[in-house]
Structures are given as structure tokens and as C-alpha cells.
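Visitor: Protein chains in written order, with this note's numbering: chain D, 9 to 361; chain C, 9 to 361.
These aren't lab readings, by the way, just hints derived from the structure by calculation. Hints are supplied without guarantee of correctness; some may be wrong.
Copies of the same chain look alike in the list, so a pair counts if it works inside one copy or between any two.
To be verified - In silico DMTMM-like links for lysine to aspartate or glutamate, alpha-carbon gap of 25 Å or less:
#: 1; residue 1: Lys49; residue 2: Glu118
#: 2; residue 1: Lys146; residue 2: Glu97
#: 3; residue 1: Lys49; residue 2: Glu127
#: 4; residue 1: Lys49; residue 2: Asp295
#: 5; residue 1: Lys23; residue 2: Asp143
#: 6; residue 1: Lys334; residue 2: Asp114
#: 7; residue 1: Lys355; residue 2: Glu287
#: 8; residue 1: Lys253; residue 2: Glu308
#: 9; residue 1: Lys146; residue 2: Glu339
2 protein chains.
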Amino acid sequence: MSGPAKRVTIRDVAKHAGVSVATVSRTLAGDYPVQPATRHKVLQAVGELDYVRNAHARALSVAAPGAVAIVINSVATAYYSYIAQGVEEQATAEGRLCLICTTGGDPQRELAVVQMMREQRAEAVILVGSVIQDDDYKRRMTRYAHSLADSGSCLALCGRPPLGDGVPAFTVGFDNTGGAHAITTHLLSAGHRRILYLGLRLGQSTSDSRVAGYRTALADFGAVYDPELEVGCGYDRSSGYAAMKHRLAAGAGDFTRDFTAVFAATDVIAAGAFQAIREHGLRIPDDISIVGYDDTPPAEDIGLTTVHLPHAELGRAAVRLALSGKNPLVEAPITLGTHIVVRNSVKRVGNVR
Amino acid sequence: MSGPAKRVTIRDVAKHAGVSVATVSRTLAGDYPVQPATRHKVLQAVGELDYVRNAHARALSVAAPGAVAIVINSVATAYYSYIAQGVEEQATAEGRLCLICTTGGDPQRELAVVQMMREQRAEAVILVGSVIQDDDYKRRMTRYAHSLADSGSCLALCGRPPLGDGVPAFTVGFDNTGGAHAITTHLLSAGHRRILYLGLRLGQSTSDSRVAGYRTALADFGAVYDPELEVGCGYDRSSGYAAMKHRLAAGAGDFTRDFTAVFAATDVIAAGAFQAIREHGLRIPDDISIVGYDDTPPAEDIGLTTVHLPHAELGRAAVRLALSGKNPLVEAPITLGTHIVVRNSVKRVGNVR
Chain D
9 MSGPAKRVTI
19 RDVAKHAGVS
29 VATVSRTLAG
39 DYPVQPATRH
49 KVLQAVGELD
59 YVRNAHARAL
69 SVAAPGAVAI
79 VINSVATAYY
89 SYIAQGVEEQ
99 ATAEGRLCLI
109 CTTGGDPQRE
119 LAVVQMMREQ
129 RAEAVILVGS
139 VIQDDDYKRR
149 MTRYAHSLAD
159 SGSCLALCGR
169 PPLGDGVPAF
179 TVGFDNTGGA
189 HAITTHLLSA
199 GHRRILYLGL
209 RLGQSTSDSR
219 VAGYRTALAD
229 FGAVYDPELE
239 VGCGYDRSSG
249 YAAMKHRLAA
259 GAGDFTRDFT
269 AVFAATDVIA
279 AGAFQAIREH
289 GLRIPDDISI
299 VGYDDTPPAE
309 DIGLTTVHLP
319 HAELGRAAVR
329 LALSGKNPLV
339 EAPITLGTHI
349 VVRNSVKRVG
359 NVR
Chain C
9 MSGPAKRVTI
19 RDVAKHAGVS
29 VATVSRTLAG
39 DYPVQPATRH
49 KVLQAVGELD
59 YVRNAHARAL
69 SVAAPGAVAI
79 VINSVATAYY
89 SYIAQGVEEQ
99 ATAEGRLCLI
109 CTTGGDPQRE
119 LAVVQMMREQ
129 RAEAVILVGS
139 VIQDDDYKRR
149 MTRYAHSLAD
159 SGSCLALCGR
169 PPLGDGVPAF
179 TVGFDNTGGA
189 HAITTHLLSA
199 GHRRILYLGL
209 RLGQSTSDSR
219 VAGYRTALAD
229 FGAVYDPELE
239 VGCGYDRSSG
249 YAAMKHRLAA
259 GAGDFTRDFT
269 AVFAATDVIA
279 AGAFQAIREH
289 GLRIPDDISI
299 VGYDDTPPAE
309 DIGLTTVHLP
319 HAELGRAAVR
329 LALSGKNPLV
339 EAPITLGTHI
349 VVRNSVKRVG
359 NVR
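Excised from the complex, chain D in its bound form (with noise of 0.2 Å):
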């Protein structure tokens, strides 16, 4: 950025720093662990000296500030792009730089990705995402949590659920099971009794939970548990439009269709079913009444009442908790609340059977 200048040693750091020159070495090239606030110190007076390592680094003429690293199944999806910009908004106000990893939900990758986070020296690594909870994943995630721990940085999990104890991860989700409950509530008290769920995916995390609600709600309202109701769909557009062509279908010969409501478990399985529900000739909310989960788009394009999730907000408390210093073996778990988003998605109906 400016002209030549007298080249800052790593003595000028390590006295700056009030560290020995074994302790910006060792912070520097990630071979032992350090305590955070060390590596604080060490890489603010890298910063503030503007230290670079070697000859070649010079060229670009900045330290390195530190990282946090969010890993993902995919980018092109909002709930998790949204969380993302929660980590990537708090990683800026601390003066963290944030890296967006992706795995395709493919474990190898994700577990190469959290050994490049680790030699990376990322201060925190931020895994987010449903998950199956069987005894490989519970060992994986124990394993990267160590070894995080072991090179002085820190695992966090975002609406997954928490390891248990004796394992130093923090974890940050959303009440799924309350918001379901919550937007069930909703269809039932509009009158509703035969509320389609369009979504099911069992054994996964997030699915499970919102199952619950929906159903802990009707049992709530003394509906009818009936598990044709439930309905497996991926969590795509394309799938939530052939789930719902299907269904419509299905009940072509029928006198009535044996459902008044969509409860779709997230708002892209809404607008899928959208569109085939219209193809079929009907009208929202006038013949079917839909409500989604999550918010995000195209929730408000097609007027669909569902639940808010603090996405960023997740991603903000994640960061927050990482790098607060805390000892992630005492830290409870750190649930955020829903709220429904009321829009025109619903019409009130006399109760039916």
C-alpha cells in the first residue's frame, strides 16, 4: 500500500505483544496449542505492525486477522446462506475475517474441511445444519471438537443438537418443536382438523422436531392422529411441487380432498406445493389454506403465512459464543424463539369430521 519501509521482526512483535518470540512463532505457524487471548494479542500486534512472515507475503503487505469458519451443506440454500451472513456480520464487528465452507452433506468433506479450518488456525469452526444423530456422527463431531480444543480453537453447533456433556462444543439452535406447535396452533384455531404435513424426513434433527409440534398440537386440540397426513418430501422447490401433485391427485376420484391445510416444513416445499396446487385449479387460501417454516424467499412473494427464523441471529450467537472465551464444557445451550408471519395463506373454515 505505501512505499518501502523498515522490515517489523518477529522480536517487534513479541515485544509489542508482551509474549516470548517462541509464543508469536508457535501462534503463527499453528504446530502447539495456544490460549486464545494469547493468540489475541499475538495477532493484534501482527496486525498493528503490520508483520508478515516471510518475503513473498510482503507483496500483498497485511497480517492475516483471524478466522472464522462456517461449514455448510450449500450456499444456494437460504436458510443456510442467511445463517451464513449472521456469522459473516458478527465475524466483521469482532475484526474476524469468515470463511464459507461447503461439504454437499458429505462427511469426508466436511471432515477435510475442518482439518483445513484447524491448520488454518481458525479461531472457531461453526457446523450448521440437520443432521441423522446415530453413533458416527456423534463420534465424529466429539473427534473435531478435541482436536479443535487440542489447537486452541473451538467447535460450535448450530441448530443441531448438543453433543452432551464431556465434549467442549457450544450449541446454538432454534425452538423448531415450539414453532411448529405454534403454526399448527395457528391452522387449527382458523378451524382446521385435517392439516396436511408435507415434509417428513425421519430421523433427521430439524424434521423430527417440527414433526413434534405439529403433532403435540393437534393431540393439544384433540385432532386425529393420522399418520397418512404425513407425507416424505425433500426439502427442495421440484419436490415439494411432485409431493403435492401426487397427493392432489390421488384424491382426484374422491368427493372432498381428506385435507383442509398444507403445513409445509419449509417455505420452498411451500412454493412448490403452490404451484401445483394452482395447476390443479384451486385456489390459496380460498380452497386450500398453506403455511410454511422459515421466512425466508419466497415466503413474502407469494403472501405465505409461516414462521420467522432469527437466521442471522443464529449465526451472530454462534460467533458471539465462540469467541467469548467460555469454557464450551459448562455453557448451556443457546435457544432462540419463533415467530408466525401472517399473510394471506390461511382462510378460516368450519371444523371438519
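Place chain C on chain D using the hints.
Guide: Leaving out everything else, chain C in the frame of chain D:
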């Protein structure tokens, strides 16, 4: 993953790769320039032998594959996240990890990210998105290109103008002028002559090329060019809403509006404009025709006629080129074509004026 095994040493890696121990060391440390072909051999040997550089890293027991980094303003914008998804797909297909770095449009963060990716030994760094092509920008990019080339990596620009001769950078972009020309012609062919361009951002490379296509199409049809019809607007939904609202309110006293169609510079602007038009009591396309640009959500859900950009293909093309081993000093820029997707937002009208 498995139990204890004989420790692989740096000498094993050097032998396996057919290079010297010093070369392996340099490749892994990233302190000296290494030829890409050599680097690949070393990293392949590292992978095949499951070599890890120090005892601590053994906790995770895999060798990190090479990485491709994509640098974008924000991950919560579909334009960027769709391109990032293409980068991710191609990087995975070529056995690389994908890192997504966000800058919020801040050159300081961009610089820090590029430096980090250089230290991380990313094989390619892909910078995406519209820019203001001033001298500072060109100097910065030239510096990145040389610095990355020195370290055996390379720079690729996506959706940005080429840097010119002598700068080692690949360029891949959309034909925005062609796309804007085609969609404007679509409106002109439907009889519209007074077309509001919503989203002017003078000096921004992407905006400039879209506006150029709009103006040329008007000229080709002999329509009068009226700078009053080019309206500045941020590239987000609420800006589109506010700008449209303001424009409709301004024309409230007139016996007629001074435009019959709107060309929104992005689909997201169009979505905001949709809402403003509806709130004004007007129908699309009966009262106003509107087209967008990008073909990202919510275009499909609101029935918006728009210009489809092959976002993912742009990302894939950038990765293919960056990992091709070709010489960025002599490779010609790649320009990807676009096409119109016709939905339900344009109505044929009698010519006005």
C-alpha cells in the same frame, strides 16, 4: 479413522512424488513458489500416503486436498450464491475443497481474504461481482494477480471486465449487454416504447453493460431515448419497492403514467416493484408490464419474465479454467450467453407516442 499405523515421514512423501524433501517442505509450507504440476504431485502423494505435518494434526488423520476459493460480497444474494454453487460443484468434481469468502464489498477485507488464501495455498482465487473500474481497482487486482501467480496459485475474475495485457488473470463473464438488449427488445416487440429502467448505478461494470444493452435496443427500434426513464436504485428488494413507489406517486396527478413497462435491473428489484405496483392498485401485466434480470428466486414464483443467467456454469467455467494449467497471460476472456425466460409479466400493447 483407524488404529495406530506406522508414521509416514516427509521422506516417504518426497520419494512417492519423485521430488526432493526440500520441494515437499516448500510446497507444504508455501514459503517459496512451486510449479503447479509439482505442487499437484506433492499433494497427491500427501493424500495417497495420508501424510500429516505434525503430531497434533494427526488427530484428524486425513490429508487436506487442495482448495479453490471464491470471494464474493455477500452469501445472502442469490446471484453470488448460485455462482458459488457452481464453483463448489466443479471444485468437488476436480477433487478440491471449496472455500467461500465474503467481503461485504470492502477492499480491505478483500485484501485480507486474498492474503489468507495465498497463505492457505489455495490453488485458485476467484473474485466475483460488479466493480467500479477505477485506477485503484486495477492496481489492486494487478497486485493480487502477480502475488498469487508468484505463489503458484492464480486469479480468476468472474462477472468483471478483463484487466488487460500483462496481468496474469483469467476472466469469465456474462454477456450482460446482449441479455439486456434481448429483454428490452422483447418489450419493444410487444409494443412498449416508454420503458422505465429501474436500477441505474453509474460506473458499476454490471449496471453499465445492462444499461448499454437497454439503450442500444431502444435505438434499434427508433424509440426516443429519455434519461428521465432511467432511475437509480439499490440492488435489493426494498430499494426496488421504494423506487417504484416513489415513481408511481410522482405520476399520480397526471392523466397517465409516462411509461407502460418496467425493466428492473435484477429480479429482486422487480419483486420489490411488484409489491409497490400491487399496492398502487395496478395489475401486472394488465396495467404495467415488467421484466427482470437474473432468473433467481422469486422470479418463478411471481411469474416474472426475465433474463436467465447461467450462474452455476459461470462458476464451473472459472474453476475449469483456473485449474486447467493454461497460461492466464494468453487465455482469451470467456463470455457466457444468456436467454429470455418468458412467464406472465408482459402484455402486448398498442404503441404509445
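Visitor: Compare the structure with each hint and give your call.
Guide: Hint check:
Taking the closest pair of Cα atoms, Lys49 and Glu118 come within 25 Å of each other only across two copies (23 Å); inside a single copy the shortest separation is 30 Å, beyond that limit. Proximity of Lys146 and Glu97 under a CA criterion of 25 Å is satisfied in neither setting, with 29 Å inside one chain copy and 27 Å between copies. In this homomeric assembly, Lys49 and Glu127 come within 25 Å of each other (Cα to Cα) both inside a single copy, at 19 Å, and across copies, at 20 Å. Taking the closest pair of Cα atoms, Lys49 and Asp295 never come within 25 Å of each other, the shortest separation being 63 Å inside a single copy and 63 Å across copies.
In this assembly of identical chains, Lys23 and Asp143 lie within 25 Å of each other by CA distance neither inside one copy nor across copies; the values are 48 Å within and 38 Å between. Taking the shortest Cα distances, Lys334 and Asp114 never come within 25 Å of each other, neither inside one copy (30 Å) nor across copies (30 Å). When the C-alpha separation of Lys355 and Glu287 is checked against a cutoff of 25 Å, the pair qualifies both within a copy, at 20 Å, and between copies, at 21 Å. In this assembly of identical chains, Lys253 and Glu308 lie within 25 Å of each other by CA distance both inside one copy and across copies; the values are 23 Å within and 17 Å between.
Only within a single protomer do Lys146 and Glu339 lie at most 25 Å apart by alpha-carbon distance; the minimum there is 19 Å, versus 48 Å between protomers.
Violated hints for the displayed structure, listed by number in ascending order: 2, 4, 5 and 6.
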